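Chemist: As a plain string of letters, each chain reads:
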Amino acid sequence: MKTQWLFIGVAGVGVALLLSSFLGIFEKRVDYNTQVKPLLNKNCITCHGGVKKAAGFSLLFKQEALAPAKSGKLAIVPGDADASEMIRRLTLTDPNERMPLDHPALKPDEIDLLRRWIDQGAKWGDHWAYQPVERPDVPTTGSFWNRLTAFIPGHDKDRWATNEIDHFILDKLEQEGLTPSPEADRAILIRRVSLDLTGLPPTEKEAADFISDTSPDAYEKVIDRLLKSPAYGERWSGMWLDLARYADTKGYERDPGRKIWRYRDWLIKAFNDDKPFNKFTVEQLAGDLLPAPTDDQFVATGFHRNTMNNDEGGTQDEEFRVAAVIDRVNTTWDVWQGTTFACIQCHSHPYDPFTHDEYYKFMAFFNNARDEDVTSDTPTLRFYKPDDSLKVVSLQQFIKTTVAKPKQAQQTLNQVTKLVRTVEPKINSHDFDQLVNASLLDAKYFGFQDKGSTRIKNVTLTGRPRLLIAWGTKATDATVTIRQDKLDGPVLARVPVPNTGSQGNDTIQMIPLPDVRGKHNLYLSLNSPTSPKDWVQIKWVSFQPVLPGQPMDALGKKDQLLLDILNADAAQTPIMLDGTGDLARETHVFERGNWMVKGKKVSPDVPKSFPAMSPDLPRNRLGMARWLVNRSNPLSARVAVNRFWEQLFGTGIVETIEDMGTQGIPPTHRELLDYLAVEFMETDRWSMKKLLKKIVMSATYRQQSSASPELLAKDPYNRLLARGPRVRLSAEVVHDQALAVSKLLSQKMYGPSVMPSQPDGIWQSPYDGEKWKQSTGEDRHRRALYTYWKRTAPYPSMVTFDSPSREFCQLRRLRTNTPLQALVTLNDPVYVEAAQHLADYMSNHGKSPEGQIQAGFQQIMLRNLPSKKLAVLVRLYRTTEQYYRKKPGEAEALLDRPGFDCTKVSPQLAALTVTANTLLNLDEVLTKE
Amino acid sequence: MNKLLQELQQAAAERETRRHFLHTCSTGLGAMAFGSLLQSCNFLTNNDRQPNTVGSAIQSDEPTAPHPSAYLPKAQRVIYIHMAGSPSQLELFDYKPELAKYNGKDCPQELLTGKKFAFIRGVPKMLGPQGKFAQHGHSGAWVSDYLPHLQGVVDDITFLKAMHTDQFNHAPAQLLMHTGSARLGRPSMGSWVTYGLGTENDNLPGYIVLASGGKQPDAGKSVWGSGFLPTVYQGVQCRTDGDPVLFASDPSGMNRDIRKQTIDAISEINQQQYDDVKDPEILTRIAQYELAFRMQMSVPDAMAIKNEPQYILDSYGVDPNKGSFARNCLLARRLVERGVRFVQLFDWGWDTHGTSADGSIDVGLKEKCHQSDQAVAALLKDLKQRGLLDDTLVVWGGEFGRTPMQENRDGQVLPFMGRDHHLEAFTVWMAGGGVKKGFSFGETDDIGYYGVKDKVHIHDLQATILHLLGFDHTKLTYQFQGRPFRLTDVAGKIVKPILA
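Chains as they are written, first to last, in the working numbering: chain A, 111 to 1039; chain B, 38 to 537.
Worth flagging that the hints you see were computed from the coordinates, not collected in a lab. Take the hints with a grain of salt, since some may be wrong.
[Claimed, not checked] With a straight-line Cα cutoff of 20 Å, these simulated EDC-like cross-link-like pairs (lysine to aspartate or glutamate) come out: (1) A:Lys824 <-> B:Asp313; (2) B:Lys153 <-> A:Asp552; (3) A:Lys162 <-> A:Glu207.
[Said to hold, decoys possible] If you want the footprint, here are the derived chain B segments under chain A, 3+ residues with CB under 8 Å: (4) 172-178; (5) 475-482.
[Stated by the list, open to error] Negatives, chain A to chain B, calculated, CB over 12 Å: (6) Gln230; (7) Ser641; (8) Glu917.
Here the structure is a predicted model, which means the values were calculated and not measured. We put the CB at the ideal spot given by N, CA and C, even for glycine.
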């Protein structure tokens, strides 16, 4: 690649330089990726691509394009453009024959390009992002050609660069005749890097220390301190939560609460521990399948349990189970591969090399998960209270000491531990069929009335003589009879149904079954003469082996202990867990993406246009996760590096961080992207902190962000990075900064999400009557990422500043600039409170209004306010002070808040509050400079 | 200040140009700095609001500035009245005397085989129409006695009687109706329209949502979300209690004059900042703060219903001190009068299963009709007398229909009369803005189960609404995550016979 750029350097004079991407036209060899593919994508592929294959001809895959079309003619004959039907059809004059049909003809130079491409052998090329990542040469700055093309007076380029990143940036700048900007002032720089790495502004002391530190590694010391700060993990979790579509509710119509904050806490710790990105990936996608997974590894799989659940009455669980599985496939591809895989849910990919079937092969990795859109959100990992935990330990101890053979003891231990920690495996009652006098109540759980019956299909009973049933009913004197194979078959058990008080209140019962071998249908029938109309609800059933040393035909002491544990109240967090045996699922292709129309059966695999899965990887989610972060995967590292780059610079090296495919925007610095990807995988062994340090250490990052009119005209959107990044703060940072500079911000980490001040009437849950209950104490002032996130009614100020609703994974927040944002920072009580507290600070840190205003600005921006700006604020202060002098009642109204000492009301403090409110709305305050 | 505005426009134009350029062309950065190369890019393919007027739409406007239509549109603005929960077409518009004959009889098996219902289980009974039907107006439209006021305006209305949908649950069906997809994440119709047409009033949001009935629609704010379109295009919900727009009130103790002074100070300092660093985004911020200040006045002004004369309040049946559907109808008129492009009304409480009096067709539906009928008719008359109905499109409907069978939830006999969700047939009506007056399109079978003639799918309705606003629904697209998206997904046919 380097040679190509050098070549351009040779040819490059004046205008031609700016035309770099058209230069290929004058080259001898036509390049498929940069020249041919865009032309085909634009003109041909809509009809001759992955969706439609008009006349049996498609240009998506080489083998298809070179095969005879339906007519038998060859569209492309490599080496012979004249014999190629495609060229003939492009050049005809008859509008019924000429391609592209019903569209303007291709321009002569475009046809000529295609002609030459075919004559040169019609070489296919893989899209750059699908090619293996290789370490590129680092450009040497100040080379002969660079000097020739870009003479930069008075700028020592060699000394400007601090690391390899700068060489790539400088190389491009020189080609464009641009020079980098000098390093930003230290006050600006420390604010920038602190906001970027921790999401919080530096304290005045931190800034002062840095500004006065004359040691050569002063800046590096700041970075190392920031990377070690616990706030680092909070900041980067904020980014990842969008990708994980994390929320505190389940979504859809009822949108009830879901307790999955333990996943968020896992994430914060993972970032702070600098868990390498490959492990970080594997644990989130498949932590449950690792050998002897820890609690943390289970909790990590919450990543894919953030899919929505539909608890609306009447909805089919299977439809929304499938929707969640599809969301997992799409999210995995979006997040790790920057590839729009979702297209091929319905048809082969229109532009990129994936087929329809490959979608479902990949879906097969996810399709075995045990979550089935049930209201209880199972499977979950259960966290017992101390007393119950002791019971678990004593049961485990009992097994270890009772079972003689160590292997068997371990097996039993694993099975029982899985049961008590996850209550799996189990059969959800929506799978029951042959309902008589029975129904899926609210389309969710099975229930029957007197004389009702149902069937549980195909259950393997061998070695599982303990039946667990989760009942709920207010019926009294009800009895259930369980029969084998037929409604009037042999009776396996006849048990009284416990009255649990209500349908919704369930109790788990254990029923001993006789020793039956093989697979059978079981029939349950209900006799409930006393309360024939009362529903008896079953949430789930589970068939389990018997614990060692227990009687076969009755419950023993340890059976009872196990049952006590299962019925204990436990905190839970949703996790991924796969079904095996009877519960394993087959995956079929959905015809045109319709889950009800199942096509052929498929087995788990990755798309053919990617490196194959190594044969020693298991063909399950774990193998898939390991495949994603294998060195040979062309996309994972590129996508990750690009995302971090985007977070720091405001725009990715590939702007479309969501799409690295052929329809995405090409990278501005492809070699740099590859360089960083290789460094990330090899040198830094997937350390995210090392990657970030490398980027923020670069001179490129440290540049000042102001632009001369010339530079602005030449590079208005700073894609070439001849200056530092200047972008509006994210929703989280706008919030956290205001609380931090007004000294309100709580340092508390982790735990259930909190409910800070929010206007009334935002939540209008149609069914469950859940309410926004304002948190108390320091929970009112936690960092934004701890704010309770309701999908159908997210926290308003966050959404106004472009947070997504988190219903689905969103890969990139588009920054907007709207009047509603102004209203938030001007008037939202959260920001008014921040202004009140900032005013308190100001009044204590200056004698004159000028001094106080300076102190307030210093506190936020860590630098002096220039005199012209100060004059504006002093004028504002003076006129408002006069006003409040005349209207003490207004001053009190402005200053009043819970716990405020009314004797402190003064026109001065009121005027300072107005000034502080103004400060918090300045462009520079809302911007990372 | 004039100079500032020019610069701002220039900056906005550059930003727009860039967005479109980067999305449409793959010729790389080198080309970007070379202005004349813009000509060589095909702007017509992607992210294109107005294929036929590309130059003006893309190169010189702010995101929400008004854009001309592709061709002369019949409608300039839309009031979309969504009765969330879905009213029963069989009680209101779709007169089925045959169904009355089957009342109380078991539903024939062929209507049940292979069908899925939200709540009906086993074999339900048929349920005859509960309203008393008669023909009204010169057009002879069938309307029941549930809607006496609407009977008087049928000659301004086109009824679509064979609507059908794919979704039988509220949230997905509402999403399909408003975003073209049953799954979350797509922009809503109002977002597409403001993205395409901008707004005519600088002081108000272009897309305003008003909800009544005590609850939000089932699918939540996503039904007026902007999906992947920039958030400037999302619907702004004006609330009936508290600030009409969130945070529009100044903090207590801060009057308008002081707020004006703070905005002036912010703008002045930001201008100095711009002079130093030359970031065009600063100019946008200055403009947005000034708009925010104006909105703080103009939104409450638009919402100040007490300024309406008493006879207008009476005609809608509005109590100005209470939030209600009727009040929202009157607000809708005030908003479109002020140039708001898309006003979306949601009224909750039309889901009539028969599980309670409120949720029944014999009691609850009557009451909902009673609460809304007068206001809807008054809205049509009011728009007409102001000459606004000609270019304002009013749409009325739910997210699906209701079954000709009586619901038997969980196989039980329910305490009230109710009907389950039904996707095969329901009625939507439209008025004004380029649709025929006094017209009925589409027919259902004798019991109102299936559409049998001139069926209209949700995507067809959407295509037609966009057409009336001057768009080709296949061309109003936005490039996102690798492909162009549109409101009508991959379907939609304009319902030409209803066009005036």
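Chemist: None of the hints should be skipped; say for each whether it holds.
Modeler: How the hints compare with the structure:
1. Restraint check: the Cα-Cα separation between Lys824 (chain A) and Asp313 (chain B) comes to about 18 Å, which is no more than 20 Å; the hinted pair holds.
2. Distance hint between Lys153 (chain B) and Asp552 (chain A) is fulfilled; the C-alpha atoms sit about 14 Å from each other, no more than 20 Å.
3. Taking the CA atoms of Lys162 (chain A) and Glu207 (chain A), the gap is near 18 Å; set against the 20 Å cutoff, the hint holds.
4. For the segment 172-178 of chain B, the proposed coverage by chain A is not satisfied: 0 residues have a C-beta within less than 8 Å of a C-beta in that chain, short of the threshold of three.
5. Coverage of the segment 475-482 of chain B by chain A is violated [criterion: at least 3 residues with CB-CB distance below 8 Å; count 0].
6. Once the 12 Å rule is applied to beta carbons, Gln230 (chain A) is consistent with being away from chain B; the minimum gap is 21 Å.
7. For Ser641 (chain A), the non-interface assignment is confirmed: its Cβ lies about 15 Å from the closest Cβ of chain B, beyond the 12 Å cut-off.
8. Once the 12 Å rule is applied to beta carbons, Glu917 (chain A) is inconsistent with being away from chain B; the minimum gap is 4 Å.
Checked against the numbered hints listed earlier, the structure breaks hints 4, 5, 8; every other hint is satisfied.
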